[in-house]
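Protein chains in written order, with this note's numbering: chain A, 84 to 1048; chain B, 6 to 769.
Careful, some of the hints might be misleading.
Incomplete in silico selection of chain B near chain A, CB under 10 angstroms [to be verified]:
| id | residue |
| --- | --- |
| 1 | 17 |
| 2 | 24 |
| 3 | 32 |
| 4 | 41 |
| 5 | 42 |
| 6 | 45 |
| 7 | 58 |
| 8 | 61 |
| 9 | 62 |
| 10 | 120 |
| 11 | 398 |
| 12 | 442 |
| 13 | 453 |
| 14 | 457 |
| 15 | 544 |
Chain A side only, calculated, beta carbon under 7 angstroms to chain B, not exhaustive [stated by the list, open to error]:
| id | residue |
| --- | --- |
| 16 | 307 |
| 17 | 308 |
| 18 | 641 |
| 19 | 1011 |
| 20 | 1013 |
| 21 | 1014 |
| 22 | 1018 |
| 23 | 1021 |
| 24 | 1022 |
| 25 | 1028 |
| 26 | 1035 |
| 27 | 1036 |
| 28 | 1037 |
| 29 | 1038 |
| 30 | 1040 |
| 31 | 1047 |
Calculated from the structure, these hints are not laboratory results. Ideal Cβ positions, reconstructed from N, Cα and C, are used throughout, including at glycine.
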Amino acid sequence: MQDRRPISVAALQLLASQLLAAALCVAGSSASAQPIFTTAPPSLQRLLPMAPSALEPAQPDTPKATAAAPVPLRDSLTPEVRQPPRQIPIGIAAGAGQAPAAQAPAINDVQAQLPIIVSPSPSQPLQLQPAPQPQQPIPQQPAIAPRTYGGPPAAVAGQGASQATGQTTSQPTANPFIGGRTTASRIGSLKENGIVLRHLTNNVQGFRLSGEVGASEWPIYVTDTQIQRGLKFQVGFLSAISVMPEASYLTLMINDQVVGRTNINAARGVRTATFDIPDGLMKPGFNSVRIMAEHRHRVDCSLQATYELWTQIDPTQTGLVLSGPGAITSVAELAALPVDEQGAMPIRAVIAAKTSMANIDRVIRATQMLSLFGRFQQTVVDVGPMADGVHGVNLAIGTVAELDGLLGTINLNQVTGPKVLVVPASGGKRTTLVFTGRTEDDVNDALRQLSVSSELRGTPQGIRAAQAFPGYHMFGGERVKLRDLGVVSQEFSGRLFRVGFNIVLPPDFYSADYAKVILDLAGGYAPGLGYGAQVVVSVNTRNVVSLSLPKSSGDVFKQNPIPLPLGSLRPGLNRIEIEAQLAMPSDIACDPIAAISGKNRFLLLDTTEIELPKIARIAHMPDLAVTATGGFPYAATQARPPLYVPAPSKEAIGAAATMATHFAISAGRPIPFALTISEPPADSGPALIVAPAQAVPNDTFKSVGLQQQTVLDNWSQSLSAEVAPGSETLSRTDALARHRLVLQRNFPAACHMPTPQGGFRYAEHTSKYRNDQTSVGAIGDSEQSRLFEEWDANIRSQGGIFARLKIKYDRAVTWGKDIYNDLHNWVSDQLETQIRRPILTRQASLIVAQDLVNGAPDSLRTLITAPNAAALAQSVNCLVDPRVWQQMAGRVSVLNAGEGAIANIPVETSYLVATQPLSIDNMRLIAAGWLSLNPNIYVFMVLILALLLAAATNWFLKGVGRSTE
Amino acid sequence: MLPVLRTLTWLSAGLVAMLFLTQPVSTVAQLTLGCSAIVAMSAIWKFGRGKLARHSFLAIGTFVVIRYLYWRLTSTLPPVSDTLGFALGTFLLCAEMYCVLILVISLVVNADPMKRKSLPRDDDELLPTVDVFIPSYNEDDYILATTIAAAMSMDYPKDKLKVWLLDDGGTDQKCNDSNPAKAEAARARRADLQALCDQMGAHYLTRARNEHAKAGNLNNGLKASRGEIVVVFDADHAPFRAFLRETVGHFARDPKLFLVQTPHVFLNPDPIEKNLQTFNRMPSENEMFYSVTQRGLDKWNGSFFCGSAALLRRTALDSVGGFSGVTITEDCETALDLHSSGWTSVFVDKPLIAGLQPETFVSFIGQRSRWAQGMFQILILKNPTMKKGLHMIQRLAYLSSMTFWFFPLPRLTFMLAPLSYIFFDVKIFVSNLDEAIAYTSTYIAINLMLQNYLYGSVRWPWISELYEYVQGVFLFKALVSVAMSPRKPTFNVTAKGLSLDNDHLSELAWPFFALHGLLVAGGLMATWRYFFEPGVSDLMLVVGAWNTFNMMIAGTALGAVAERKQPDRHPRLIVDREGSLNILGQSYPVHIINVSAGGCGVIFKDRTPPEHEVENNIGHLSIVSMGTIITDETLPVMLKHGTLNKDKVVTYGLEFADLNPREYFVLADLMYADSDALPRFLASRRTHKSILSGSYEFIYWGITEPFRALAYMRKQFKDSKEAVAVEATPEMSVEMLKKLVEMAKTGTPPADAAKAKSIETKAA
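With the rest of the complex left out, here is chain A (with noise of 0.2 angstroms):
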């Protein structure tokens, strides 16, 4: 396959400033307007296989051609749809409908390239904009904002705020604009007026801030150049429909300070707000970029319906607004290098046709250098030459012979030694990094150039942010104030509180309930809360603990300690989230404007402590959970692991060093993979094989438990097919709509939507989002026993005692249930062995196997397979979303990369595997963990013991005392 990405910039460019008046004209409408696609589908063209006449698209050169390009669009639509303020994004879509031969992949493969320069057209018409300020029924400074403690509240009040607040979509066009070109030209043109957005990085929690309050946390690593005057940051954002946008705001905070806040009103399609940022609060290297979002439902006060309520970030239109060169001209900056738009860093090896395998080896490195140091989460290799765009980056390894011919316009005549060249963005081209010199030598000198510094720079804020992403690094022991895992101290007026945080343990973290986590909360909550208050902890998104919140007169406490058993913990990443469940008897007459005003009822402050105890140290293997989330054993062994590639086509290396770098980054540390085109024996230490199912030696297959046989037939369809499932082109409209569906859905973007019949625009009216509960729905079966419960409570709630002592009633009888139960379980648990269904479907995308050959921990192999080369590329870039990343566990895990979704087999044996020199202390938590994890095995030892010691002591007795006569 050859590269897909086509340049189309200047339409590109018309249609991202279209989309954006769209959307601006829609969100300017009515209530009564019915919803429409509004926005720009992102990088929608990592998804769709370009027909390979768009390889070499004919670029624009002109800022003429390319304003000129979108007019007749226009033109063209706005006769066929009637509604004008509506028709524009439609029109495209109808445009391209038009023109399907020729326009509609062009205008995917603009859209390929992206609205990363994002420049209005001179033809938006501003008296379009929809004034935010009169709809609004509540003043610009909010009697309930939030606060915050992390930066002086004076922030609010200052520059940057005064003008973001209530400041909606009429800003990102209006300000960021003015004076502006009527469309950049192209992305060549950026030194001059080029407006660009940093996109910020995904990460584990993707783009979505849900319920009543949420918030999250980025780092950005910005460049000395890039510190600038008048610095802005955009946001896209979409919310839930049952949103009050009158009593919800989404609050921008850099470095701890608020820069902006405006009120959510984005229920009918992705509006964007864009904030000033005071001078001087950025600086060079990390900053912390946080988004936080505060909800109030439209009509329902109840905690269930606070599920509803979510602001999706539409990481398209969210970013750092630079304008103004911001080029990457050195090493030291490439943790600057933009991801793209969906927050993935795409990176391309430049690899000459005929190459070593030793260089491949140094690609394979230099890309996990490279995601190190910017932590990127999701970092996509691909293979082919200097691509275009001004996200990622083009990696050029080799000698100066090898790369003649493939820089294009570098020029590497004058190297003589070893030598790091970086040359910036220009000329539509990526940020290209050259390892390069004259020999060999001189190329792995050149690489040496490039190692992680452990020293951070930035503010302490971005640092802090850097350091706790994706999650806090800890390893027992310890006591962590939730300030330093990103956590800000709050006052929360709403029912249903949330924060959460991310934590990484090692991956020989052994996990079982040998001891507690002690979360030491400190904070308080108001007096008058309802019935059965409480603060959940969830880990995981599995609810572990409660804490009852049981003072009528409220209370206030520094360390109110809740253990969470250490099991739920495992190895790698892990998020522990905080939700205070803060009802109130008012809550029933659910009074909208209360909601607006409404006091304050629980507070959550930094110095809130987690405490992990000594945890037990020993790997077990296989376990796709820990080699996922650790890198583990690979970054853990001495030699080099082999990377097995027994089909090295370009998809296939570039599948592979996708993988490996993604398991660097979950390491932390690269790993030295040694590639290698024939079968490692089987004592090479723990290999990976990246493959498509075809090129797949059946002994490998058996080598991670797999019958070769079984996975062939099952992909006995799509073995041959070079086209992957769900990848047929898709129309402008459904693109849109595609985009839209994966925002609402929180879908991972990497994964391939299957275009359901009718395409996106039906099924986002009829779709069920089985991902996402939180979505808003019919009133379904347990909906409807909620409402009954509710009116029942409601009703029986006059009838004084007796209906209080009925809920005591319930509430023993659910007790009661609850205790039996978890017998029940428990008991069960003792008795039956569950019953797994099989997983492998022809759903299933990729598959990663995991096995031991004997119990030999060195002969540990990981098999990442799917039907053919292109899927595999394809699904490998979906399985690095860090979101489907995480879910992969037990030996053999399926993905499915239509619905983002994995399967996993758990591990029937599995083996364990010291990591840590043998310690005392070590050996008792391992082999408390073990007994913990077999109880039966514990039960039976203790009786044995006793037996032991009974006998012991009757023994001891007949020789001490007095005998009996």
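Given chain A, put chain B in place with the hints provided.
Okay, now just chain B, sitting in the frame of chain A:
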């Protein structure tokens, strides 16, 4: 070599077990363990026999306790930042630790309780000479006469047996008391008792000054006598005929033996048994100590002197300068001294004496206070852990007997702890529901099983808690006073044989009303909060249940301090004897079915005297004696009308009229000759009470007894308006003694006068 190997094996088994049990395993594993342990222990209980089964049972139980303890210590304390919660939580933890400590010690002590076979009957020539000491302070004459008669009637060569009445109530000091009335009484007492002893063939001994209380008195006896063996009977502890035959032989078999102790058995109920009406169906409180603990101690050569019903070797006593009198529990102190100088002791688990115990709550508390204070004194002044010459387990054994008396602290802590949460929301125990079930509930179940297994036949469920509570309130004070000044407490003679004429509340009842009220308030508060306070969680249910349990204890305790009147003043002993009753010259053979100091019950065998001859007629009862009776006199009795008993047989009551001293020998034979009477009596109460039925009974008391107590209070409140102070006991005693003096002087008492007085003392 073998002992070392045994010890090493045991230690390593214990060490491995400890290592294993302190593994911090998951809650699920713990729950599995707890449930499996309960099942395994039940199986052993049902099917296991022999020592290995016993040790397995105890080992499994101990393991669960250790698991609980480990969890409790490592994960349930409130955070230090919650100062009050932490402080109270630590206190509660200490209280629990104490209980576990006591459990552990008692497991060690009771590892393998001794069972001794009866000794073969030794030849008379080989028997040592024996001095029987009956120390007395203020006991009534009839009690002393009974005890002396029983002691003199013991099966032993008469020339080798001397009985000494050691009277501390008639010392020179008492006779010259500054209070003329008291001095007069003392002088009369001395004269009376001297006469009594003369007539009965015993030796009366008194001394100049009442120094060192009982110990001093006994030492005075030691000085005056020369028998090889010294036997001590409290004035109200009458020995059975076989007493010496069953015990004295041990001295010949072990030259280093200083003590043979036998259990104390009481014929009358203690106030709690009396007020809860359990005497005839529930094992006495002290049976646990005598029939389990002392036997356990015996294994370790650790059984100790309990003040009475014991034999001691004179040479041993001489070697430590006689009985020790530093503390107010001279018995245990003496044993401690002798054990530490290498002497040994033996416990004979055979009830051989029948005694009296305090009948009023006040005297009961007085007695227990003395024990608690004395034991605490020993702990402070002669700490067994420091004492040289004891081996490890002896130290532990003594320590257990002493630290036992700290129970008031934990008991009161457990009683009041739930209130801290109910009233003040102070959390003193951090746990979630899963853990509480996995650890606490299995621990409680296992603990109950352990106790029931160890003491099941001699202790009903929850009775220990009741006794601890009713004593705890006052013993707490007593302990504090010892802690303040360890040498201060003085020996208070326990009053026994007092009568109770009417239902009334004990003078010491008010703290129990206060505490019960507090707990009831706590219960109401918990209920109210649970139903009406939003956000109060299920924790309140657990705490409320705990408080309810405490309320049951406190309610039952109210019953224990609401003194019932005692219609039958003399405790009866079931006997099976033959005799004949002579009424108006006619002799009727009778079957004697029970006997007490005041009378006996008979069934006429062949023919029944005519009805008109029965009621209130005077007769004479002659018995078929079992031993070599000292006298051939008959017992003068007054006939009472017959009643139909359960077996549809008419039983007639015979009330003893005035007995002259020699007639007490007949009574002694009737009561104390059949050594099997007492074991039969004890066995009749030692039925195993299951945890369930015991709990049911306890709850019943907890609910009903407070009402009875309240009724008494109302009555007392009414009566107090008339305010009649009932005084008299000393005067009465004096008067009676005068009469006795008269009797002694004249040889045979004047019938009418003596009768009047006898009835006053015996049948009131």
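Checklist line | Given hint residue 62 of chain B near chain A, where the shortest CB pair must fall under 10 angstroms | finding: 8 angstroms, holds
Check: Close enough to count: is the Cβ of residue 42 of chain B nearer than 10 angstroms to one in chain A?
Finding: With Cβ-Cβ at 8 angstroms, under 10 angstroms, it holds.
Item checked: Hinted contact residue 544 of chain B with chain A - closest CB pair below 10 angstroms -> 8 angstroms, holds
Note to self: Less than 10 angstroms between beta-carbons is the criterion; does residue 453 of chain B satisfy it with respect to chain A?
What the structure shows: With a closest approach of 18 angstroms, the residue 453 of chain B hint is violated.
Notebook entry, point to check: Taking the closest Cβ pair, is residue 1038 of chain A under 7 angstroms from chain B?
Noted result: 6 angstroms, holds
Notebook entry, point to check: Does the nearest C-beta of chain B fall within a distance shorter than 7 angstroms of the C-beta of residue 1022 of chain A?
Noted result: 5 angstroms, holds
Next item on the list: With chain A as the partner, please determine if residue 58 of chain B meets the hint condition of a C-beta pair closer than 10 angstroms.
Entry: Interface hint status for residue 58 of chain B: holds (8 angstroms vs cutoff 10 angstroms).
Item checked: Per-residue hint verdict: residue 61 of chain B, partner chain A, C-beta under 10 angstroms -> 4 angstroms, holds
Check: Against chain A, is residue 45 of chain B within 10 angstroms by beta-carbon distance?
Finding: Check passed: Cβ of residue 45 of chain B comes within 6 angstroms of chain A, closer than 10 angstroms.
Item checked: Hint check, residue 457 of chain B versus chain A [nearest Cβ-Cβ separation less than 10 angstroms] -> Because about 19 angstroms separates residue 457 of chain B from the closest Cβ in chain A, which is outside the 10 angstroms limit, the hint is violated.
Notebook entry, point to check: Given residue 41 of chain B was flagged as interface, is its beta-carbon under 10 angstroms from a beta-carbon of chain A?
Noted result: 5 angstroms, holds
Check: Going by Cβ atoms only, is residue 398 of chain B closer than 10 angstroms to chain A?
Finding: 7 angstroms, holds
Hint compliance for this structure: hints 13, 14, 16, 17 and 20 are broken, all remaining hints hold.
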